[in-house]
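For the record, the sequence lines run as chains U, D, L and G. Everything in the first sequence is counted per our numbering, starting at 1 for the first residue and increasing by one. Everything in the second sequence is counted per our numbering, starting at 1 for the first residue and increasing by one. Everything in the third sequence is counted per our numbering, starting at 1 for the first residue and increasing by one. Everything in the fourth sequence is counted per our numbering, starting at 1 for the first residue and increasing by one.
Because the hints were derived from the structure by calculation, they are not lab data. Be a bit skeptical, because a hint or two may be false.
With beta-carbon atoms standing in for the labels, derived distance ranges [unchecked claim]:
| id | chain 1 | residue 1 | chain 2 | residue 2 | range |
| --- | --- | --- | --- | --- | --- |
| 1 | L | Phe205 | D | Thr3 | 53 to 61 Å |
| 2 | G | Ser171 | U | Arg89 | 32 to 40 Å |
| 3 | L | Val295 | U | Ile30 | 47 to 55 Å |
| 4 | G | Ala92 | L | Ile219 | 45 to 53 Å |
| 5 | G | Asp8 | U | Leu95 | 56 to 64 Å |
| 6 | L | Val295 | U | Gly141 | 14 to 22 Å |
| 7 | G | Asp179 | D | Ala16 | 52 to 60 Å |
| 8 | U | Leu149 | L | Gly332 | 24 to 32 Å |
| 9 | L | Arg333 | U | Asp47 | 30 to 38 Å |
| 10 | D | Trp179 | L | Phe205 | 24 to 32 Å |
| 11 | U | Phe4 | D | Thr3 | 51 to 59 Å |
Small disclaimer: the values here were computed from a predicted structure and weren't measured. Backbone N, C-alpha and C fix where the C-beta goes; we use that ideal spot for every residue, glycine too.
Each chain is listed here by its residues.
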Amino acid sequence: MNEFKQRPIPGLIAQSVAGVAALFSLILCILLSADFVRIQKMDPLNDPHLLELREQLANSTDSDEAAVEQIRTFDLYARRAFFSNQEQRRTGGLLLLGGAVVCFVAFKFSKLWKPKLPAIGKSETPDHGELNALFRQLMAGTGVLLVVLSLFLAFSVQSDLATVLSRQDEGDVEVVPQASSLPPAMKANWPSLRGPGGIGVTHGSIAPTRWDVETGEGVLWETELPVHGFNSPIVWGNRIFMSGADEEGQEVFCFDADTGKPLWTQTVKTSVELPEVSEDTGFAAPTMATDGTRVFAIFATGDLAAFDFEGKPVWQKNLGLPKNPYGMGSSLISDGTRLFVQYDHEDLQKVVALDAATGRPVWETPRKHISWSSPALIETETGVQLLLNDEENVTAYDPVSGKQLWTLECLGGEVAPSPAYNGNGIVFVANEYAQASALKLTEGSPEILWQYDEYLPEISSPLATENLFFITTSAGDVVCLDAATGEVKWEQEFDDGFNSSPILVGTRIYSIDLEGVVHIFEAAAEYKPIASIEMGEPVYATPAFVNGRIYIRGDENLYCIGK
Amino acid sequence: MKTTTKNWVWFIGIMALILGAGIYLGQSRRTELGKRFDYSLDEYRQVDPALIRYIEGEPLIPTIGKISALAVAPDGKIYVGGENAVQVFPEPEKFPVDGTPTCLAVDDDGTVFVGMQDHVEIRSRGWKKTVWASPGEKAYLTSLAVDDWYVYVADAGNRRVWRYKKEGGKPREIGKKDWANGVRGFTIPSAFFDIDIGTDGSLWAVNPGHHALENYRPDGMPITAWENSSFTIEGFSGCCNPSHFALMPDSSFVTAEKGLPRVKIHNQDGSLRCVVAAPDQFDEGVVGLDVAVDDLGRIYVLDPSRNHVRVFEEKQ
Amino acid sequence: MKRYVLHVFAYVFLFCGATFAEFRFPMPEFATGYEHPAVHTPGPSNVMVGWDIVVLLATLSLAAFLVLKRRKRREIFLLTLFSLVYFGFWRNGCVCSVGSVQNIMAGLCDPGHGVPLTVLVFFAAPLIFALFFGRVFCAAVCPLGAIQEAVAIKPGNVPLAVEKVLSIFPYIYLGLAMLSVAMGAGFIICQYDPFVGFFRMGASFSMLIFGGLMLVLGIFVARPYCRFLCPYGVLLNWCSKLSRHHATITPTDCIQCELCTDSCPYNAINEPTPEKAPEDRGKGAWRLGILILLVPFIVLLGVGVGSLLKEPLSRMHPTVRLAERIAGEELGRYAETNIESEAFRASDTPDEALYAEAIELKAGFGRGGKWLGAFIGLVMGCKLIAVSILRKRTDYEPDHGTCYSCGRCFKYCPVKE
Amino acid sequence: MKPKGKRDRRDFVRGAAAVLIGGAVLSATRSRSPRWVWQIDPEKCTQCGRCATHCVLAPSAVKCFHSYSICGYCDLCGGYLRPDAKSRNTGAENQLCPTAAIKRTYIEDPYFQYTIDEDLCIGCGICVEGCDVFGNGSMYLQVKHNLCVNCNECAIARACPSDAFERVPASEPYLLKSDRERRVS
């Protein structure tokens, strides 16, 4: 079979049919696009005349029959135009398709009847060398074109963002006023670890001194905890919040403070791989915090979640997977509008303030050392300061702007205890393998009043009253020092060590040892024991004191002591 | 030479084509919808400043969140209900409730009636709590009013006003459709339905679907009504307005609207007396502007979007 | 980059978790016993998905059979028309293998993206077939190729050198598309698909114009999109170079009749090398050496130029565009706001958060730009080297990389058995 | 015939390429997620009107949905009537919808039912705006999945200024405001 057999007459006919069909299609194509452009221009629904009529009608006080009639007519026309146009377009499109098909088929036949004969020996084919040279020329041309195009783009596209940011950097010197005090509602509740401000001081002055867990006397209720965690309870109004986590998941619980009934439980899903944590830190070591409307919980995964008091998720984010040999330990704290997170890990150290309502960062300040200590908010004469301990320094930040106010090198070792404050200008910090220091706040950097290095805390945080300073150690020692001079007032040794931090209630101090014995003694210059009460199970958490009640998280149970 | 030229011509031609297509495509934008597709209420947000006869004072700032209910007690204290609590101004007092109250009323003796979404709780002086059973499955309580004998509860879900005796019990139904007695029933498209008690002891209720304020005898017989539908400042706009109202000491009406948030005062016959606050004074899209009036004629407007109780006083 | 992905992931998580609160306000009481009509919520149509895979595999196999065994241009062309109708007009040009590259890339960058099985098959099957049988996908399965094949009425010959130089544009397009997907700036291959508008009978005006231009150009320059733009073609080219069985011009032995030289509109027929070496071997080797040494410099130049492109490239991302717009409005550069900036302002996200995100994205584009530049530089260098190497050939053979296996040359070969 | 060594090398490279493709495919499917479709989150939608203009289909696959169980059945419907409407009848001068895609039918005094004619609806969202401001928000935009071609990357999602487009599993393809809605598919 000869595939190149020429049949000129049918070939010519097919060719001309193809040509006519192509011309037809081309004309249709042009008509359709012209029509398309026209309709786009006309835009009957946005016709200025119609808009004007509508305006006229809107402005007339009584019913303007004429305008109404006109609008309706116009509307009808627009609709008719639209639909007939749709019809036209559809027909046009079909005709075009038909034309294209005819052209295509005819053309294929013309190719069949008048096949292109093979041409032998392309004369223009350049030889290898020539081709190579030409290719290199052209490639160079392309290269130049690309480079020129890139340069043009690079210099024609300007970044307004860069301008704005550089301008902001210059204008950053404006002074942000410092917050003067914590909201009063915070002081009536227990919004974070170690109470309002996180310094271990209760604003109420009464708490039970007699109860018995075994007989249930003086114990309002007790309830079993669903998931393990080392964090301490926080209390707001009639709600208690806690978190717990293990490999299975992360949870936040809310209990009724009056009955101990669980009100809700929410899981916090994680988007990251679980980090390795040590067994005595766990996945839920940080204590939650509340701003009075929402509660916040952070876990060893870096997941930070906010819920409202009904348990509805408000926001959630991950601050970045922490790299930490023990696990995330710093608790959260809020000043009512912001939530502060001390995020000091092995490869990333920072403190961030997030908008409590939305979780958006308000400020973020980089830091230098790792830490397991929790932030405290102290009310000083010049305003509220956010205090953070780390492996070397104690540092104060302005909670509003995140600006560093002062920093002092007086710590060392792996620091877990948080700062204490006597409410009157003296900050105390202490850690094992370093020393205890009393820092008198001044305008600039604080001055060190005294230092002491005998009995030092490892986990539990120290506590200060106006004139005295107390340390409870992991070995079971309690030391009382004079706040102003550092003179040792008394030392007392108990059977077990302390993980839980001592809390000042009125004139008494409550401190729970690892075996779960609550030691109550006077916050006085002599050791005056009031009671030692056994809880019957180990206690690692710091208790919460609200409205004359004590909430103690034991290893397995949550107790409410009081009426 | 000839081959080179030909190559370059081809090359430049195709490059130009690519560049041209790139520029054309890079610059082409989809046409946006035209003016006809704008939904603009700007025209109606403008209010003649001469009509505004009130100025705003210092707002009351509650410490509770999500405020949703407002009442002025006969002794002049202001009760604000919000998330899990009711706060009392001016003293720093507050008592907890379970959930967020939707409405509040305070009796002469200081008893507080707290309307939750589907039931009423009563707090007597010593904060003793009594709970009344829900008036019905569909109950959605939106307003409370109390006089010397009765407690009236507006229920938007059932489209009724329930009249309770003060000690509770089975309520009497007001507002059931009853053409024989001229009761057309309440048309309530969304959960806004407010009531108040006039100085003569009659009940005033909004019929929001009709843009009407209707007056009933305590037994549910209609007395009078007025309505005014309009997007302009004289009437009420949208599908269910006024959303809230309160009676002034002189029996005129302070009304608040949603959609176009505005607070106005209407005379007893329904004609507009003046404007308290124009839409521009509120955040766009705010709903639930509960209003209350104290004996001095000060107008309190609960602004849920700012979580403030805003106070308006008549210009001197 | 990783953090960005995590961020997106957490975001998706958060919003999928939040269910809509049921609106509790009851409907009015209707005296007439009215019951509201049901809402029409048709599900996505799933029926064809399995068929797509079956049809794809069947057409690929059939194409391979036709190209390698039957060797009939007309049959191949009929199959092309079938693919045009089925994958193009019937299935609206979606899913297509060309676009699937982006899904794969998105799946690689963000494990949460999820790549459906259909897309996977559409991505992998043509490549696997190319590894064994050459670009049979291009020959008769790809709808984009098919529509161009159908309009290729009077194909002229693009000079070989030009053809080879222009063949770097698919690489550039591929690089840009991958960068765009990796940065989350969108699927530009789909966005600028010229023919999908015809398949769907509707697209934006500019895309129709672009597609129309491509088709008109396609009358005279066969398959312009495939040759000078198609990013998937790059992968097919690589796979086809390794193909085990590739279409041949002659079924048995080439008799050097030169009849086929003019038959290929794609410049894909490699001619036999002349007996006599065209130039001195030493000179050739010398040049090759220089070119090989030159490659690192070209790559470095690419990196340099690419690093300049941080700003323009980052404009591909809507968030960066928005941040620039907001910043520009702050500087008073624009007379009025646009829809995006208004929506952003209404969302009460602080400007700083947006700026921070934009800065991070820009940094990503900065890195991506360097990679892109390096990639393009490398491609150019490799092309220079590849062209300079003279391979010994005794017969007329299709170029395994660029041959679309269209079968045009079959009938020109006088050797039939 | 090619020399044997070359052949082996080719086979090896081919095998490597196959492994590469397989690897890419496998790593792209590390998490076999459900099939996704595009949908609008009505809580985030700001009714900018781009759904009407930016869909690859004309008219758009985005349509107004009406959740009847939320609707107030108002006579004065904010989504049906223009704000400046002089009367509440179906006259062209009163209707808000530019394409008259909303049908108003009388049920009983004073209630009216509003139905969306999906053939006419272009998804501009102007009624949604009206319904949100004055009504219960029973009207909102959704992607109709019998129309949507489920592009790789939705062209509207790219243009959406409020990030309201998201991928939802194909098994639950709608984000309806009311679960109580009776549905037919």
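A quick look at each hint next to the structure:
Between phenylalanine 205 of chain L and threonine 3 of chain D the beta carbon distance is about 40 Å. The supplied range of 53 to 61 Å is therefore violated. The hinted window of 32 to 40 Å between serine 171 of chain G and arginine 89 of chain U holds, with their beta carbons roughly 37 Å apart. Between valine 295 of chain L and isoleucine 30 of chain U the C-beta distance comes to about 49 Å, which sits within the given range of 47 to 55 Å. For the pair alanine 92 of chain G and isoleucine 219 of chain L, the beta carbons lie near 48 Å from each other, so the given range of 45 to 53 Å is met.
For aspartate 8 of chain G and leucine 95 of chain U, the hinted distance range of 56 to 64 Å is satisfied, since their beta carbons lie about 59 Å from each other. Separated by about 19 Å at the C-beta atoms, valine 295 of chain L and glycine 141 of chain U satisfy the suggested range of 14 to 22 Å. Separation of aspartate 179 of chain G from alanine 16 of chain D is about 58 Å and conforms to the stated range, judged on CB atoms against 52 to 60 Å. Roughly 30 Å separates the CB atoms of leucine 149 of chain U and glycine 332 of chain L, a value that falls within the hinted 24 to 32 Å.
For the pair arginine 333 of chain L and aspartate 47 of chain U, the beta carbons lie near 33 Å from each other, so the given range of 30 to 38 Å is met. The given range of 24 to 32 Å is broken by tryptophan 179 of chain D and phenylalanine 205 of chain L, whose C-beta atoms sit roughly 59 Å from each other. In this structure the supplied range 51 to 59 Å is violated for phenylalanine 4 of chain U paired with threonine 3 of chain D, their Cβ-Cβ distance being about 29 Å.
This entry does not satisfy hints 1, 10, 11, going by the numbered hints stated previously.
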